[in-house]
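Based on the hints, put chain F in the right spot on chain L.
Protein chains: 2
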Amino acid sequence: MPDLYDVAAIGNAIVDVSAPATDAFLAANALTKGAMMLVDAEQSAALYGKMAAGVEASGGSAANTVAGLASFGGRGAFLGKVANDQLGQVFTHDMRAIGAHFENAPLENGPATAVSMINVTPDAQRTMCTFLGASVQFTDDDVDPGVIEAAKIVYLEGYLFDAEAARRAFAKAAALAHGAGRMIALTLSDSFVVERHRAGLLGFIETQVDLLFANESEVCALFETDDFDAAVEQLRQRVTLAAVTRSEHGSVILTAGERLTVAAEPVEKIVDTTGAGDQYAAGFMFGLARGRPLQLCGKLGSLAAAEVISHYGPRPQVSLKELAASKGY
Amino acid sequence: MPDLYDVAAIGNAIVDVSAPATDAFLAANALTKGAMMLVDAEQSAALYGKMAAGVEASGGSAANTVAGLASFGGRGAFLGKVANDQLGQVFTHDMRAIGAHFENAPLENGPATAVSMINVTPDAQRTMCTFLGASVQFTDDDVDPGVIEAAKIVYLEGYLFDAEAARRAFAKAAALAHGAGRMIALTLSDSFVVERHRAGLLGFIETQVDLLFANESEVCALFETDDFDAAVEQLRQRVTLAAVTRSEHGSVILTAGERLTVAAEPVEKIVDTTGAGDQYAAGFMFGLARGRPLQLCGKLGSLAAAEVISHYGPRPQVSLKELAASKGY
Numbered sequence: 018m019p020d021l022y023d024v025a026a027i028g029n030a031i032v033d034v035s036a037p038a039t040d041a042f043l044a045a046n047a048l049t050k051g052a053m054m055l056v057d058a059e060q061s062a063a064l065y066g067k068m069a070a071g072v073e074a075s076g077g078s079a080a081n082t083v084a085g086l087a088s089f090g091g092r093g094a095f096l097g098k099v100a101n102d103q104l105g106q107v108f109t110h111d112m113r114a115i116g117a118h119f120e121n122a123p124l125e126n127g128p129a130t131a132v133s134m135i136n137v138t139p140d141a142q143r144t145m146c147t148f149l150g151a152s153v154q155f156t157d158d159d160v161d162p163g164v165i166e167a168a169k170i171v172y173l174e175g176y177l178f179d180a181e182a183a184r185r186a187f188a189k190a191a192a193l194a195h196g197a198g199r200m201i202a203l204t205l206s207d208s209f210v211v212e213r214h215r216a217g218l219l220g221f222i223e224t225q226v227d228l229l230f231a232n233e234s235e236v237c238a239l240f241e242t243d244d245f246d247a248a249v250e251q252l253r254q255r256v257t258l259a260a261v262t263r264s265e266h267g268s269v270i271l272t273a274g275e276r277l278t279v280a281a282e283p284v285e286k287i288v289d290t291t292g293a294g295d296q297y298a299a300g301f302m303f304g305l306a307r308g309r310p311l312q313l314c315g316k317l318g319s320l321a322a323a324e325v326i327s328h329y330g331p332r333p334q335v336s337l338k339e340l341a342a343s344k345g346y
Numbered sequence: 018m019p020d021l022y023d024v025a026a027i028g029n030a031i032v033d034v035s036a037p038a039t040d041a042f043l044a045a046n047a048l049t050k051g052a053m054m055l056v057d058a059e060q061s062a063a064l065y066g067k068m069a070a071g072v073e074a075s076g077g078s079a080a081n082t083v084a085g086l087a088s089f090g091g092r093g094a095f096l097g098k099v100a101n102d103q104l105g106q107v108f109t110h111d112m113r114a115i116g117a118h119f120e121n122a123p124l125e126n127g128p129a130t131a132v133s134m135i136n137v138t139p140d141a142q143r144t145m146c147t148f149l150g151a152s153v154q155f156t157d158d159d160v161d162p163g164v165i166e167a168a169k170i171v172y173l174e175g176y177l178f179d180a181e182a183a184r185r186a187f188a189k190a191a192a193l194a195h196g197a198g199r200m201i202a203l204t205l206s207d208s209f210v211v212e213r214h215r216a217g218l219l220g221f222i223e224t225q226v227d228l229l230f231a232n233e234s235e236v237c238a239l240f241e242t243d244d245f246d247a248a249v250e251q252l253r254q255r256v257t258l259a260a261v262t263r264s265e266h267g268s269v270i271l272t273a274g275e276r277l278t279v280a281a282e283p284v285e286k287i288v289d290t291t292g293a294g295d296q297y298a299a300g301f302m303f304g305l306a307r308g309r310p311l312q313l314c315g316k317l318g319s320l321a322a323a324e325v326i327s328h329y330g331p332r333p334q335v336s337l338k339e340l341a342a343s344k345g346y
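Chains L and F supply the protein sequences, listed in that same order.
Letter by letter, the first sequence follows residues 18 to 346 of the working numbering.
Letter by letter, the second sequence follows residues 18 to 346 of the working numbering.
Simulated from the structure, these hints should not be mistaken for lab results.
Keep in mind that this is a model prediction, so the values were computed, not measured.
Check each hint, because a few of them may be wrong.
[What the hints assert, rightly or not] Here are the simulated DSBU-like pairs of lysine-lysine, each with C-alpha atoms no more than 30 Å apart in a straight line:
#, chain 1, residue 1, chain 2, residue 2
1, L, K67, F, K338
2, F, K286, L, K286
3, F, K286, L, K338
[As the list claims (entries may be wrong)] Sample of chain F residues at the chain L side, in silico, Cβ under 8 Å:
#, residue
4, A70
5, G71
6, V72
7, D111
[What the hints assert, rightly or not] Not close to chain L: a few residues of chain F, all C-beta gaps over 10 Å, as computed:
#, residue
8, M18
9, A58
10, E59
11, G90
12, G127
13, P128
14, F209
15, A216
16, L219
17, E223
18, R263
19, A323
The C-beta atom is built at its ideal place from N, Cα and C for all residues, glycine as well.
For reference, chain L alone in the conformation it holds in the complex (with noise of 0.2 Å):
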């Protein structure tokens, strides 16, 4: 197969809902600072309901990381699921509108679009409340094997863990990527996730995984240790290659014989942490795609977020090419 895309991303179709929140609101709604929430249709309209008035902009992990990948003149696609519906159409359109492929039918008579519930504090920390609605209804039947052979590299977001269907849609793309000899690679995405799933994550990464992205909380939830070396020496030993981010700590890079460290891109004032995490994965395997050292990688990853963090929003508001070009990257 020809190399079609830089990335091929599986991961939750979700519009965003951001407003600014009190740490008061966190309390009286019991919610946990920086974590993401699961909710159902009914918790969703009630939290909704007690919002502050907000902005809609579409979102997802792996869907944001397509975005940063774009922003790069990277090419990319996205398979997830939305739900035929305006916030749908807004997220389609969104997606087409960066320049990705995004093809996946929208769901018809399930339940509506996948929303998150996005408070942000003064202090720039972004609590998730997520209605996953449409977007679990992701199956093995939307994994595009045309577009998975023609990825260099297919990320797959932790987030989908949480559903059964989209665990075989997981299996069935690793199985398609491998066989045409492409690179998997995977987001822990949260550390609640990966308490949930621990031990199909670990046989996930042992057996399938490449590449994985993961930050300080969740490599040490994956271990059961509060000890970072410890973690990261233990991911060492189990997959290829491995980018674990440390917020204003930089990351630092794993393989198999090397462990390096990416400082932070230095930001001005931090806005909103929405996003973080996604812009570092579009930055490193953006460069890992188009053959950079991983060191590079890694400083491409820290510039995305740097940028998004800006800012209000979990998508890039400049071109990550002119910037890094600025940077001489």
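Here is chain F on its own, set in the frame of chain L:
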């Protein structure tokens, strides 16, 4: 009736879709920079398909004004029509989340909630294509006497002059307001609206309007002249009170005996001019409803306009109450 509201506004209930655009995009799609053009459902879908990835947020001129009023600490009510769909729910949520009264029943089995596609060019100008959808199904049945009679100022959005049923609603609102000793304010909204309904608007202004808002091009269109001073003099003879905005040149406040000039509030960087006039009206009417001198009403308008053009989106992102306090207004 008690003074339940500082302002009750009747306007188009619209959700904005804002996206970056180039001058070439405007030219290729025959869009006049800075203007508002009406599109039907088909044209709307076609244009949306060509637009860049965007951000959705509640908009609508008079609704933005109510949001500004609420940010000053004012008590607002909004009357308008959404459909019973996802974007209608977003609009309704946002209006109630800012503390405004909004109780018009959504339209069933009709067109979708109105959407305004706003293409923002690098010079911060916004060019709007609006699909009016459900919003123009607003009729005199939707004019709640209990709301109109309890508002110090009843504010009417000129855009609604495009819909015959809404013009009847304006007439009903004006009769109710004057019957209760209330003030009727009108904004001309757009020079093309003025050109389409010049005679009707002039008649309504002369017989019903106590306070008129307009910008330079609208007041010139109203009196079919390029001479701003001549237009302003004609206007002064026809209304008790008027405020004419002049972008970076501030505004002019007209009474029977006076012509006051108010400077624009300095802005570090103009990002998006969407909502400038709406926010000026918010500040002005908040001041007026609270019995402040006219010069200060104009300053409050300038302050709110300056805040909204310093960022994307048509509604304030900071507390205008605190901002005004910090200036000693």
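Results of checking the hints against the structure:
1. Restraint check: the Cα-Cα separation between K67/L and K338/F comes to about 22 Å, which is no more than 30 Å; the hinted pair holds.
2. Distance restraint check for K286/F and K286/L: the Cα-Cα separation of roughly 17 Å lies within the 30 Å cut-off, and the hinted pair is therefore satisfied.
3. For the proposed pair K286/F and K338/L, the alpha carbon gap of about 24 Å is at most 30 Å, so the pair holds.
4. At a threshold of 8 Å, the smallest CB-CB gap from A70/F to chain L is about 4 Å, leaving the interface hint in force.
5. Interface restraint check: G71/F against chain L, minimum CB-CB distance 7 Å, threshold 8 Å, status holds.
6. Hint status for V72/F: holds, given a least beta-carbon distance of 5 Å to chain L, under 8 Å.
7. Interface hint at D111/F: satisfied, since its Cβ lies 4 Å from the closest Cβ of chain L, which is below the 8 Å cut-off.
8. No Cβ of chain L comes within 10 Å of the Cβ of M18/F; the nearest lies about 28 Å off, and the non-interface call holds.
9. A cut-off of 10 Å between C-beta atoms confirms that A58/F is not in contact with chain L; the least separation is 13 Å.
10. For E59/F, the condition that its CB be more than 10 Å from all CB atoms of chain L holds, with the nearest at approximately 15 Å.
11. Every Cβ of chain L is farther than 10 Å from the Cβ of G90/F; the closest lies at roughly 16 Å, confirming the non-interface assignment.
12. Non-interface status of G127/F relative to chain L is upheld: no Cβ of that chain comes within 10 Å, the nearest being about 15 Å off.
13. With a cut of 10 Å on Cβ distances, P128/F stays outside the contact zone with chain L, its closest approach being about 13 Å.
14. At roughly 27 Å from the closest C-beta of chain L, the C-beta of F209/F stays outside 10 Å, upholding its exclusion from the interface.
15. With a minimum CB-CB distance of about 38 Å to chain L, A216/F clears the 10 Å threshold, and the non-interface call stands.
16. No Cβ of chain L approaches the Cβ of L219/F within 10 Å, the least distance being about 36 Å, so the stated non-interface status holds.
17. For E223/F, the shortest C-beta to C-beta distance to chain L comes to about 37 Å, beyond the 10 Å cut-off, and the non-interface label holds.
18. The beta carbon of R263/F is kept farther than 10 Å from every beta carbon of chain L, the shortest such distance being approximately 30 Å.
19. Distance check on A323/F: its Cβ is at least 20 Å (rounded) from any Cβ of chain L, clearing the 10 Å threshold; non-interface status holds.
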